[in-house]
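Novice: Residue numbers (the working numbering), protein chains in the order written: chain A, 1 to 364; chain B, 1 to 364.
Since the hints were made in silico from the structure, they are not lab data.
Note that beta-carbon positions come from the ideal geometry of N, C-alpha and C, so glycine has one too.
Incorrect hints may appear among the rest.
Derived DEER-like restraints, expressed as beta-carbon distance ranges [claimed, not checked]: (1) B/ARG151 <-> A/ASN350: 24 to 32 Å; (2) B/ASN359 <-> A/LYS22: 31 to 39 Å; (3) B/LYS329 <-> A/HIS316: 54 to 62 Å.
When the alpha-carbon atoms are kept at most 20 Å apart in a straight line, the in silico PhoX-like pairs for lysine-lysine are as follows [as the list claims (entries may be wrong)]: (4) B/LYS156 <-> A/LYS341; (5) A/LYS164 <-> A/LYS275; (6) A/LYS341 <-> B/LYS159; (7) B/LYS164 <-> A/LYS164; (8) B/LYS164 <-> A/LYS156; (9) B/LYS159 <-> A/LYS104; (10) A/LYS341 <-> B/LYS81; (11) B/LYS341 <-> A/LYS100; (12) A/LYS12 <-> A/LYS27; (13) B/LYS318 <-> B/LYS341; (14) A/LYS290 <-> A/LYS305; (15) B/LYS290 <-> A/LYS100; (16) A/LYS341 <-> B/LYS355; (17) B/LYS104 <-> A/LYS164; (18) B/LYS341 <-> A/LYS104; (19) B/LYS164 <-> A/LYS159; (20) A/LYS164 <-> B/LYS159; (21) B/LYS159 <-> A/LYS81; (22) B/LYS159 <-> A/LYS159; (23) A/LYS92 <-> B/LYS341; (24) B/LYS341 <-> B/LYS329.
Protein chains: 2
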Amino acid sequence: MARQTAPAVADKISDTAKIIQKKILKKQKPTMSTPVRSLSNVAYHANKGYFQMKGKNKIRTLTVSTVKTFAQTLKMMSLSKELIETDDMATKREAYYISKNWGKAGFSEQPESDTIMDDVEAMFGVNREQLKFVPEEKGGDIAGRLMVIDRDSQGKRLKIDCTKFGSGAYSIPSDVEGLEFSSKAKFILAIETAGMFQRLVKYNYWDINNCILISMGGVPTRACRRFIRRLSDELKIPVYAFVDGDPYGYFNIYRTLKVGSGNAAHLNEFFCVPKARFLGVTPQDVIDYKLPTHPLKEVDIKRAKDALKNDPFVKHHKPWQAAINQMLKMGVRVEQQAFAKHGLDFVVKNYMPEKLKNNGKFLP
Amino acid sequence: MARQTAPAVADKISDTAKIIQKKILKKQKPTMSTPVRSLSNVAYHANKGYFQMKGKNKIRTLTVSTVKTFAQTLKMMSLSKELIETDDMATKREAYYISKNWGKAGFSEQPESDTIMDDVEAMFGVNREQLKFVPEEKGGDIAGRLMVIDRDSQGKRLKIDCTKFGSGAYSIPSDVEGLEFSSKAKFILAIETAGMFQRLVKYNYWDINNCILISMGGVPTRACRRFIRRLSDELKIPVYAFVDGDPYGYFNIYRTLKVGSGNAAHLNEFFCVPKARFLGVTPQDVIDYKLPTHPLKEVDIKRAKDALKNDPFVKHHKPWQAAINQMLKMGVRVEQQAFAKHGLDFVVKNYMPEKLKNNGKFLP
Chain A
1 MARQTAPAVA DKISDTAKII QKKILKKQKP TMSTPVRSLS NVAYHANKGY
51 FQMKGKNKIR TLTVSTVKTF AQTLKMMSLS KELIETDDMA TKREAYYISK
101 NWGKAGFSEQ PESDTIMDDV EAMFGVNREQ LKFVPEEKGG DIAGRLMVID
151 RDSQGKRLKI DCTKFGSGAY SIPSDVEGLE FSSKAKFILA IETAGMFQRL
201 VKYNYWDINN CILISMGGVP TRACRRFIRR LSDELKIPVY AFVDGDPYGY
251 FNIYRTLKVG SGNAAHLNEF FCVPKARFLG VTPQDVIDYK LPTHPLKEVD
301 IKRAKDALKN DPFVKHHKPW QAAINQMLKM GVRVEQQAFA KHGLDFVVKN
351 YMPEKLKNNG KFLP
Chain B
1 MARQTAPAVA DKISDTAKII QKKILKKQKP TMSTPVRSLS NVAYHANKGY
51 FQMKGKNKIR TLTVSTVKTF AQTLKMMSLS KELIETDDMA TKREAYYISK
101 NWGKAGFSEQ PESDTIMDDV EAMFGVNREQ LKFVPEEKGG DIAGRLMVID
151 RDSQGKRLKI DCTKFGSGAY SIPSDVEGLE FSSKAKFILA IETAGMFQRL
201 VKYNYWDINN CILISMGGVP TRACRRFIRR LSDELKIPVY AFVDGDPYGY
251 FNIYRTLKVG SGNAAHLNEF FCVPKARFLG VTPQDVIDYK LPTHPLKEVD
301 IKRAKDALKN DPFVKHHKPW QAAINQMLKM GVRVEQQAFA KHGLDFVVKN
351 YMPEKLKNNG KFLP
């Protein structure tokens, strides 16, 4: 399953539709096949680097009871083809409202249209953005040694220099497929909180250390993950993640960034960053840097124990198991801004340089 | 209460501290006075254009039981003075962690330090950013005919041209006080959802209509509100709000943007945009444009009835009372992307031009 050009995706849609049409004209029952989208259909291969589908499919046959879903799927495919051919796009919400003009095939609630969209995405083995359906939310700010090449509405090339935004930043668009990059940075630092991102921008961190700073603002959006992945592939420089030292930071943010998630396994291939490494904050950092902490909450403990037991990524990596067990034993979590206890510049002058000197020891 | 320069704020902090010191040296009990921060201490003056404090103060006297809070307030003032003098800043969370080095004056939880910070802010009649405390979250994306002038870390002027971001955007920094602007735009459009912002960027709306597009991404952050306010003051062009047609859009987003909120009345003066007008979506638009809707939820109805009864802004403006009553009678809410039912370009080709032709009829 490789990246496909827009005309190739449009052709695939046509081909699938034609097969269905032929069957109908022959008075046979047409079928559609989509991969099962759940954790039970997922495996982790460390060499591939992401959660991958095992191959279970669900087959939908046109019958009296499936006729509406069948029609909706075909209409959604048709909308996608139209968007590709007119170089337009639609948000998930817009797609839902467009369906209000599909007569009886209209959706009554947006979750229904979202599900069909996910099915179409998995069916064609492409990501939603290639079908020209874009996420509602944006997310991800950039500062540092990166030149992004985009196009204006007349198709003219625009060079966006991410060193020239002062205290502000470049905000990643919702569809990053068409962007090009150029950079001589030495590494990419993906940061959980906007607060820490600001701190590093304020202290000119990217300039002094020749890197690219990315503010994920919590769990990274699809666009943000895809953006980092494309940088990782094309610039061939390391990606380091700097997040809070708690189960949410370890699994919901870092694990999702690196290998993807279970319920969207059909798109992990495009949206994960297998080469990401974990810079911090680790439980050991709490000891080494005498950081102020908070006690683990019930939900933290539950999430950590679940991960040890059920998360294929954690089960594969012994160093992660050790780190999680250490955290559970210490009974505390730590925020990435806790370094401020030692002075606002401590993170820049002490922690980051000391960590980067030993980057071979980062958690996988 | 006017905008103050950084040295003026630092001097004010010194003066207050000296008065307290003198009293202590004379073995008298020092006091500190901060305005009461609640809806009961707020009035709406349409000519001033924002929720304003009525002037109730709480006086804190140094006693055995207040000694810790007293010390924390002085330490917080001292931290602010230091940040001003070193041209640094601290996020709310960083300020909390810095206190971990204040010995017995350290805070045990961040809400405690946030409260003291709010008190200091109100005490000096300045906004937190002037004290060099910046919000954790960023927020607000810009595209269109605006040049933002910021400075790099060496103090060199940087011109950021918001027409040159292609499908991306300029992300507003958390502290916008130091920015300068230049623009020949005709109006500013503040948009609730990132999805609608993308739609207008995709269709090149700002170029064709010579305007500035701002994505608020839900309830606008402090930085976003302050940014729009400064544009409104300095460019002297209209600000139009385009939000979902529901009580959340009307009150939590639009009302907060225009006149501020009750529990932060000490800073509404700086953070509201009194000249903002309401473009849509109105209940009448639902009828005029045959828009698909959703039934009002319980919480919507409650919020609307509360507003009619208790919101000083709504009680002042008859057209808003009429609009809310119309919404309650229709029993429906509408999302700003509902126009997609008539085609993705309907909002740009029909709705916006028709509305802007009659901008005298916008809700206040």
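Novice: Are the Cα positions of B/LYS341 and A/LYS100 separated by 20 Å at most?
Specialist: Holds, because 6 Å separates the two Cα atoms, which is no more than 20 Å.
Novice: Below or equal to 20 Å on CA atoms is what counts here, so check B/LYS156 against A/LYS341.
Specialist: 31 Å, violated
Novice: For the pair supplied as a hint, B/LYS341 and B/LYS329, is the alpha-carbon distance within the 20 Å limit?
Specialist: 23 Å, violated
Novice: Please check whether B/LYS329 and A/HIS316 have a Cβ separation lying inside 54 to 62 Å.
Specialist: At 60 Å between Cβs, range holds.
Novice: Quick one, are A/LYS341 and B/LYS355 close enough, alpha carbons at most 20 Å?
Specialist: Distance of about 53 Å is beyond 20 Å: violated.
Novice: Within a Cα-Cα threshold of 20 Å, do B/LYS104 and A/LYS164 meet the stated pairing?
Specialist: Violated: B/LYS104 and A/LYS164 sit about 43 Å apart, past 20 Å.
Novice: Given the hinted pair A/LYS341 and B/LYS159, is their alpha-carbon gap at most 20 Å?
Specialist: 35 Å, violated
Novice: Do the beta carbons of B/ARG151 and A/ASN350 sit within 24 to 32 Å of each other?
Specialist: 27 Å, holds
Novice: Taking only the CA atoms, is the gap from B/LYS159 to A/LYS159 under or equal to 20 Å?
Specialist: Measuring from Cα to Cα gives roughly 15 Å; hence the hint holds.
Novice: Run the distance test for B/LYS318 versus B/LYS341: straight-line Cα separation, threshold 20 Å.
Specialist: 31 Å, violated
Novice: Regarding the pair A/LYS12 and A/LYS27, is the alpha-carbon distance no greater than 20 Å?
Specialist: 23 Å, violated
Novice: Going straight from one Cα to the other, do B/LYS164 and A/LYS156 come out at no more than 20 Å?
Specialist: Roughly 11 Å separates the two Cα atoms, so the pair holds.
Figure legend: structure checked against the earlier numbered hints; hints not met, in rising order: 2, 4, 5, 6, 9, 12, 13, 14, 16, 17, 21, 24.
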